[in-house]
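Hey, can you work out the whole structure from these sequences and the hints?
Protein chains in written order, with the numbering used here: chain R, 93 to 340; chain B, 19 to 193; chain S, 22 to 375.
You may find that some hints are simply not true.
To be verified - Ranges between beta-carbon positions, derived for each pair:
#1 Ser77/S - Arg277/R: 37 to 45 Å
#2 Gly139/B - Ser360/S: 37 to 45 Å
#3 Glu260/R - Ser215/S: 35 to 43 Å
To be verified - Restricting the straight-line Cα-Cα distance to at most 27 Å, the calculated cross-link-like pairs of lysine-lysine (BS3-like) are:
#4 Lys320/S - Lys293/S
#5 Lys64/S - Lys166/B
#6 Lys288/R - Lys225/S
#7 Lys225/S - Lys289/S
#8 Lys175/B - Lys64/S
#9 Lys83/B - Lys297/S
#10 Lys63/S - Lys170/B
#11 Lys99/R - Lys63/S
#12 Lys225/S - Lys284/R
#13 Lys63/S - Lys166/B
#14 Lys83/B - Lys320/S
#15 Lys175/B - Lys63/S
#16 Lys170/B - Lys64/S
#17 Lys106/R - Lys225/S
#18 Lys288/R - Lys99/R
#19 Lys175/B - Lys185/B
#20 Lys247/S - Lys297/S
#21 Lys289/S - Lys83/B
What the hints assert, rightly or not - Residues from chain S that face chain R, not an exhaustive set, calculated with beta carbons under 10 Å:
#22 Arg40
#23 Gly42
#24 Glu76
#25 Gly87
#26 Ala89
#27 Cys91
#28 Gly92
#29 Val93
#30 Ser112
#31 Tyr113
#32 Leu224
#33 His228
#34 His229
#35 Asn246
Keep in mind that the hints were calculated from the coordinates and are not lab data.
Backbone N, C-alpha and C define an ideal beta-carbon position, used for all residues, glycine too.
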Amino acid sequence: MATVYQKPHALTGKPFHYCPGCTHGIIHRLVAEVLDELGIEGTTVGVASVGCTYNSYEYFNCDMVQAAHGRAPAVATGIRRSLPDRQVFTYQGDGDLAAIGTAEIVHAATRGEKITTIFVNNAIYGMTSGQMAPTTLVGQVTTTTPFGRKPELHGYPVRVCEMISTLEGAVYVERVAVNNVANVRKAKAAIKRAFKVQMAGLGFSIVEVLSICPTNWGMNPQKSLEWLEQNMMEHYPLGNFKGKDLEV
Amino acid sequence: MQEIILAGFGGQGILSMGKFIAMSGLEENKNVSWLPSYGPEMRGGTANCNVIVAEEEVGSPIINKATAIIVMNQPSLEKFEDYLLPGGIAIIDSSLVPVMPKRADVSVYAIPATEMAYEMGNATFAGVILLGKLIEVTGVVSRESFEKALYKILPPKRHGMIPDEMKALEAGAKY
Amino acid sequence: MGERLLMKGNEVIAEAALRAGCRHYFGYPITPQTEVAHYMAKKMEQLGGTFVQAESEVAAINMVYGAASCGVRAMTSSSSPGISLKQEGISYSAGAELPMVIIDIVRCGPGLGGILPAQCDYFQMVKGGGHGDYSLPVLAPCSVQEMYELVVEAFNIADRYRNPVVIMGDGYLGQMMEAVTFRDEEPIYKADKSEWATTGSELKRDHHTVTSIYIEADVLEAHNNKLQRKYAEIKKNETRVEEFNCEGADVIVTAYGTVARIVKNVIKDAEKEGIKVGLIRPITLWPFPSESFEKYAGKCNDFLCVEMSAGQMIEDVKLAVNGRSAVHFYGRTGGNVPSQPEILEQIRRIMAEK
Numbered sequence: 093m094a095t096v097y098q099k100p101h102a103l104t105g106k107p108f109h110y111c112p113g114c115t116h117g118i119i120h121r122l123v124a125e126v127l128d129e130l131g132i133e134g135t136t137v138g139v140a141s142v143g144c145t146y147n148s149y150e151y152f153n154c155d156m157v158q159a160a161h162g163r164a165p166a167v168a169t170g171i172r173r174s175l176p177d178r179q180v181f182t183y184q185g186d187g188d189l190a191a192i193g194t195a196e197i198v199h200a201a202t203r204g205e206k207i208t209t210i211f212v213n214n215a216i217y218g219m220t221s222g223q224m225a226p227t228t229l230v231g232q233v234t235t236t237t238p239f240g241r242k243p244e245l246h247g248y249p250v251r252v253c254e255m256i257s258t259l260e261g262a263v264y265v266e267r268v269a270v271n272n273v274a275n276v277r278k279a280k281a282a283i284k285r286a287f288k289v290q291m292a293g294l295g296f297s298i299v300e301v302l303s304i305c306p307t308n309w310g311m312n313p314q315k316s317l318e319w320l321e322q323n324m325m326e327h328y329p330l331g332n333f334k335g336k337d338l339e340v
Numbered sequence: 019m020q021e022i023i024l025a026g027f028g029g030q031g032i033l034s035m036g037k038f039i040a041m042s043g044l045e046e047n048k049n050v051s052w053l054p055s056y057g058p059e060m061r062g063g064t065a066n067c068n069v070i071v072a073e074e075e076v077g078s079p080i081i082n083k084a085t086a087i088i089v090m091n092q093p094s095l096e097k098f099e100d101y102l103l104p105g106g107i108a109i110i111d112s113s114l115v116p117v118m119p120k121r122a123d124v125s126v127y128a129i130p131a132t133e134m135a136y137e138m139g140n141a142t143f144a145g146v147i148l149l150g151k152l153i154e155v156t157g158v159v160s161r162e163s164f165e166k167a168l169y170k171i172l173p174p175k176r177h178g179m180i181p182d183e184m185k186a187l188e189a190g191a192k193y
Numbered sequence: 022m023g024e025r026l027l028m029k030g031n032e033v034i035a036e037a038a039l040r041a042g043c044r045h046y047f048g049y050p051i052t053p054q055t056e057v058a059h060y061m062a063k064k065m066e067q068l069g070g071t072f073v074q075a076e077s078e079v080a081a082i083n084m085v086y087g088a089a090s091c092g093v094r095a096m097t098s099s100s101s102p103g104i105s106l107k108q109e110g111i112s113y114s115a116g117a118e119l120p121m122v123i124i125d126i127v128r129c130g131p132g133l134g135g136i137l138p139a140q141c142d143y144f145q146m147v148k149g150g151g152h153g154d155y156s157l158p159v160l161a162p163c164s165v166q167e168m169y170e171l172v173v174e175a176f177n178i179a180d181r182y183r184n185p186v187v188i189m190g191d192g193y194l195g196q197m198m199e200a201v202t203f204r205d206e207e208p209i210y211k212a213d214k215s216e217w218a219t220t221g222s223e224l225k226r227d228h229h230t231v232t233s234i235y236i237e238a239d240v241l242e243a244h245n246n247k248l249q250r251k252y253a254e255i256k257k258n259e260t261r262v263e264e265f266n267c268e269g270a271d272v273i274v275t276a277y278g279t280v281a282r283i284v285k286n287v288i289k290d291a292e293k294e295g296i297k298v299g300l301i302r303p304i305t306l307w308p309f310p311s312e313s314f315e316k317y318a319g320k321c322n323d324f325l326c327v328e329m330s331a332g333q334m335i336e337d338v339k340l341a342v343n344g345r346s347a348v349h350f351y352g353r354t355g356g357n358v359p360s361q362p363e364i365l366e367q368i369r370r371i372m373a374e375k
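Put into structure tokens, the structure is as follows:
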């Protein structure tokens, strides 16, 4: 019997602890498939961050370093500078990357660190139970914006790809989503391309993945996907912001 | 043991002067320490350094009682005059310091170093002129060691100036 | 042995690190330790090492965390306010058991304070600073030569115990120049890091993880117990102290760093007045050389702790003396340094009260 689908080697096989409907599992799998297909699991060091994926080191089969909240790009810098022939990726959420770790991601990008960042944007803090994230949309209800995000009180949601793409050191910047099969395929292609950019030594690469958080959004997974399509995609348009034509 | 305080305005080369003496001491295989005052300004303000040259181990690098002071402005004289041991030596750039020490128990050498340096065609020689007198009256280091120290400290592009620096040292010693 | 060179303390720190095999330096400018970065920036480029001027102290320590995870000798340096920012990363590094060297050239605080020398961060470095039950060896040199030797030693201790190690000096030690003689070859402890370093598995072994998170209570407690056993081992093996003139002393003064050198002058001054003064100079502030104090407690009736602080090390001195002798204190703050006459006056006062 032909095997048509199996666990990527770059995943350990430990069952994910994520909530039902959470898309972290899909994104983990995409990263692992890319590591397998590029044959780089054994030469890659991943950096886990703080948030729901704090223990992603238990799921990825490559060497992993767990970083303090927001510091993954700095930790990755230290790793990459020590292991110039290896691949390094960070896996970060929106609170980690776009709030407490804004300085680290901006400067890793501007230095053109040869690392790849997987940035999962679900517009909310998941692990700490649904607080406002820097990417929470205007009007969105969270446990710290109980009457909706109001710009006059809470400011505006941050568009990370648009910001990062202004930096010369960032050479590949793309926003994808994992809301349907076609987009999942595009997401994987983008992640693969980001790693290839790193392997070619071209500079910093980042893939922002629009994701859902049914638990903290208070919706079932299907409704969550619809909400992502109707609301998030409007504020966070999908597409490539930089490096589309790089030859890798 | 010679404990020397050098003081003046930032930019007069005070810290370098101290370094020349410390390096000269090192050339003679003596124990030395060089401790700068350090402040938030890169230029301007006051600058001073403590230099100790000793046969024995240097204890505190902070000078409590000085065997000699070199001062290149009035506030420095006022501040450091009291640090001198009785019988200590005060070497003063009289081009820049109008009022001489009040103390009668110290030896004062007033040298118009800045004016002499201008006459020699290089204002930066003022410090070396004063160091010439220091070396002459204290014997803290020899002129030969001083010359060797200059070659070690100054970048090669400035080595061409060293014969003139030594002439300035000589002029200070003889004044 | 090589020739005697005249070098600044901060430059010697950098040179010593290079000689110890450190090729990864991450830092952020702050007075009075910036010369470390200047020296590293130049040398690392020449040697093909890594120098990164980080965007913040926070990033710098985390870069060291990343580099140390890969098993290389890595270092950062800063001064008091910068060290405050690094505390998060220091706690994580202690938790993840990462060998690294952290230089703290202390300036006066609190807050932005000033840039003049101080010893007001003893509590911060010796008692913690970051969160959690952890300890760091803290080495306190008192001369440029000792700075060199202890930096090399710091890398060895870090590797031997998989633990961050701190070099703590006051601003004067960083800024002053003295003669230094470098060894032809450094005594380098070669640790086998292949069991844990995250260098890429090559698919030839299980994947390695460097982490400080243990969600289960019992697992974290077991980890903490392991750390405590390691700290006990460090206490046993790595305590360093200089005792001078203590036997039969009328007063034993204790001080570290630059202050200890001032005390050495005071000892000579006091001798002229017929007072025998001893000195206990802790070289490791953690582990604290308590035994040296225990030895003389009860025999010498008066201890005098002198610090460039409002009184921090004195707590450890009192714990060690344990009520068996009087412990006096003299300190200056704000960048002022206790002077020779001031310390002598304290000793005279103690003698007068006897």
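Evaluated hints:
no.	hint	result
1	Ser77/S - Arg277/R: 37 to 45 Å	holds (39 Å)
2	Gly139/B - Ser360/S: 37 to 45 Å	holds (43 Å)
3	Glu260/R - Ser215/S: 35 to 43 Å	holds (38 Å)
4	Lys320/S - Lys293/S	holds (23 Å)
5	Lys64/S - Lys166/B	holds (26 Å)
6	Lys288/R - Lys225/S	holds (23 Å)
7	Lys225/S - Lys289/S	violated (64 Å)
8	Lys175/B - Lys64/S	holds (21 Å)
9	Lys83/B - Lys297/S	holds (22 Å)
10	Lys63/S - Lys170/B	holds (20 Å)
11	Lys99/R - Lys63/S	violated (48 Å)
12	Lys225/S - Lys284/R	holds (24 Å)
13	Lys63/S - Lys166/B	holds (26 Å)
14	Lys83/B - Lys320/S	violated (34 Å)
15	Lys175/B - Lys63/S	holds (20 Å)
16	Lys170/B - Lys64/S	holds (20 Å)
17	Lys106/R - Lys225/S	holds (20 Å)
18	Lys288/R - Lys99/R	holds (22 Å)
19	Lys175/B - Lys185/B	holds (19 Å)
20	Lys247/S - Lys297/S	violated (45 Å)
21	Lys289/S - Lys83/B	holds (14 Å)
22	Arg40	violated (19 Å)
23	Gly42	violated (13 Å)
24	Glu76	holds (4 Å)
25	Gly87	holds (3 Å)
26	Ala89	holds (7 Å)
27	Cys91	holds (4 Å)
28	Gly92	holds (8 Å)
29	Val93	holds (5 Å)
30	Ser112	holds (9 Å)
31	Tyr113	holds (5 Å)
32	Leu224	holds (4 Å)
33	His228	holds (5 Å)
34	His229	holds (5 Å)
35	Asn246	violated (21 Å)
The structure shown violates the earlier hints numbered 7, 11, 14, 20, 22, 23, 35.
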